[in-house]
Amino acid sequence: MKIKFLTFFCLAAVLFLAACGKSDADLQKAVTDKLKADNVAGVTAGVKDGVATLTGEVADITVKNKAEASAKSVEGIKSVVNSLTLKPLPTPVPAPPDPMLKGKVDEALKKAGCTGVTIESKDGKIIASGTVADAKYAECVQAIMQSGATGFDNKIVKGK
Amino acid sequence: MSLQEKYQTILDLANQNGTTYELSEGEGVLHINGTAPHAEAKQQLWDEYNRIDPDYRGGDLMLNIAVSGAESAGNTYTVQSGDNLSKIASKYGITWQQIHEANKDTISDPDKIFPGQELTIPGA
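Read top to bottom, the protein sequences are chains U and C.
Residue 62 in numbering that gives the first Met the number 0 sits at position 63 of the first sequence, and the numbers go up by one each step.
Residue 34 in numbering that gives the first Met the number 0 sits at position 35 of the second sequence, and the numbers go up by one each step.
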């Protein structure tokens, strides 16, 4: 009788454990450890019924996505609710005064061999027009974007 | 869709290829200011930008990527053991012929360069 009872008890215990898998607390620890291992900072993970919820404020969208992927990769996590918010971005460094900015861009374009591009500078933004050879086009765009302008209205035409 | 979402693949690439960057945003324009470890990494970011916004006409991104000092164009490069011109050229996103051309005085045979030899790296 005693043995029968024990056998039944053991079977029940095994079935119970197999059905439940890891507890939420175990999963929460596993997710937290995984985030740490993947160098994801500033994220708090909570787990309920196998669903992980991520909260906190992170530097940019790549961290938000990485955190979600890390949490999803933990065995036993059914789904992830990504409630992470992005840190508000600072405003860009102001552009130099327009005449100076125009001078800077003109020089950069000259250095890159972008003849044929005409620029105008207005409130820190560059408005560029004219025609450049297809092969030079990307280089000319780069020269303008690297000049410190806060905006770029690109009307440059790609020539042959 | 936020600008970060629109251009997130550029940021993913930057994280993968070792480009450090800072973001700022104002007047509907996202600024990515960064430093790439070599010219090839910078080119990858610009290629991705061109894929998202062909010909860069959206006006909502300013991509400003510098190449870190050690491997920027116009510098000299000291040949390491195991180097060849093609390998060095790929670090700068240029061709081995361009390096050969810029170093005609010191390289007589492009197959023969020596560790410790200093090469002028022409602009890409």
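Treat the hints with caution; some may be incorrect.
Stated by the list, open to error - Estimated spans, in silico, between C-beta atoms of each pair:
| # | chain 1 | residue 1 | chain 2 | residue 2 | range |
| --- | --- | --- | --- | --- | --- |
| 1 | U | Gly129 | C | Thr75 | 51 to 61 Å |
| 2 | C | Lys111 | U | Met99 | 47 to 57 Å |
| 3 | U | Met99 | C | Gly25 | 18 to 28 Å |
In case anyone wonders, no lab produced these hints; they're calculated from the structure.
Please read these numbers as outputs of a predicted model, since none were measured by experiment.
Just so it is clear, CB atoms sit at the ideal spot from N, CA and C, and this is done for glycine as well.
For each hint, the structure was consulted:
no.: 1; hint: U:Gly129 <-> C:Thr75: 51 to 61 Å; result: 35 Å, violated
no.: 2; hint: C:Lys111 <-> U:Met99: 47 to 57 Å; result: 49 Å, holds
no.: 3; hint: U:Met99 <-> C:Gly25: 18 to 28 Å; result: 19 Å, holds
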